[in-house]
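Just so you know, the sequences run in chain order A and X.
Counted from 1, the first sequence has number 100 at position 100 by the numbering used here; the numbering is strictly sequential.
To convert a position in the second sequence, counted from 1, into the numbering used here, add 1000.
Hints are computed from structural coordinates only; laboratory data are not their basis.
Hints may contain errors.
Stated by the list, open to error - DSS-like cross-link-like pairs, simulated, lysine-lysine; straight-line CA separation at most 27 Å:
1) Lys3(A) with Lys1059(X)
2) Lys1036(X) with Lys1057(X)
3) Lys57(A) with Lys1036(X)
4) Lys1036(X) with Lys1059(X)
5) Lys71(A) with Lys57(A)
6) Lys57(A) with Lys1070(X)
7) Lys3(A) with Lys1036(X)
8) Lys1070(X) with Lys1051(X)
9) Lys55(A) with Lys70(A)
10) Lys18(A) with Lys71(A)
11) Lys3(A) with Lys57(A)
12) Lys55(A) with Lys71(A)
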Amino acid sequence: DVKVTQSSRYLVKRTGEKVFLECVQDMDHENMFWYRQDPGLGLRLIYFSYDVKMKEKGDIPEGYSVSREKKERFSLILESASTNQTSMYLCASSPLRLRGYGYTFGSGTRLTVV
Amino acid sequence: GQQVMQIPQYQHVQEGEDFTTYCNSSTTLSNIQWYKQRPGGHPVFLIQLVKSGEVKKQKRLTFQFGEAKKNSSLHITATQTTDVGTYFCAGRRIIQGAQKLVFGQGTRLTINP
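If we strip away everything but chain A, and leave its shape as in the complex, we get (with noise of 0.2 Å):
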């Protein structure tokens, strides 16, 4: 069964603090993606990456950077967190051609920035 597996479930991080976001696929996708989930506005998209080394900013990349040093694991760093950056946040990943399959979502992380 393929998997994206997000490190950690739930997180508390006090404002200011660095704060890393980790996310690993067995699937050798090359696609990986950072969402975050707010009530009312859906899924945006953070950062996403097509390779190693690549990224791409996203619809909302402001106070947030990544990192993908291998293919299979995706990184997303705070880099002084915010109250702001509450929420809930996805990492996915896909195919580099979808070929009729959709993106694979990893459980999520809740971060609450107190």
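We have chain A; now place chain X onto it with these hints.
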């Protein structure tokens, strides 16, 4: 940028009633996908529609893609409590050679048993 709007935001029905959610895009979509997210869960891929006017069925679920490829709908016949969750549509766009999906806001379905 390309926007994908989804309505309604919430829908509450009695078990056995039908349910429909609608998705509209400001631009033509190359394809559209539908996802279901159970309460406390993560989005799970349901289906992809590619052709203009395409209709696909999965048991009690019927998915349609508009003729102009700017709108889509998901219809559930005779809802069951297992249908509870949030349904998202997502339209595909290509940026820097990578496929990105733009998600609608989702429709949250609750059911009275």
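query = Hint by hint, which ones does this structure get wrong, listed from lowest number up?
reply = No numbers; nothing is violated.
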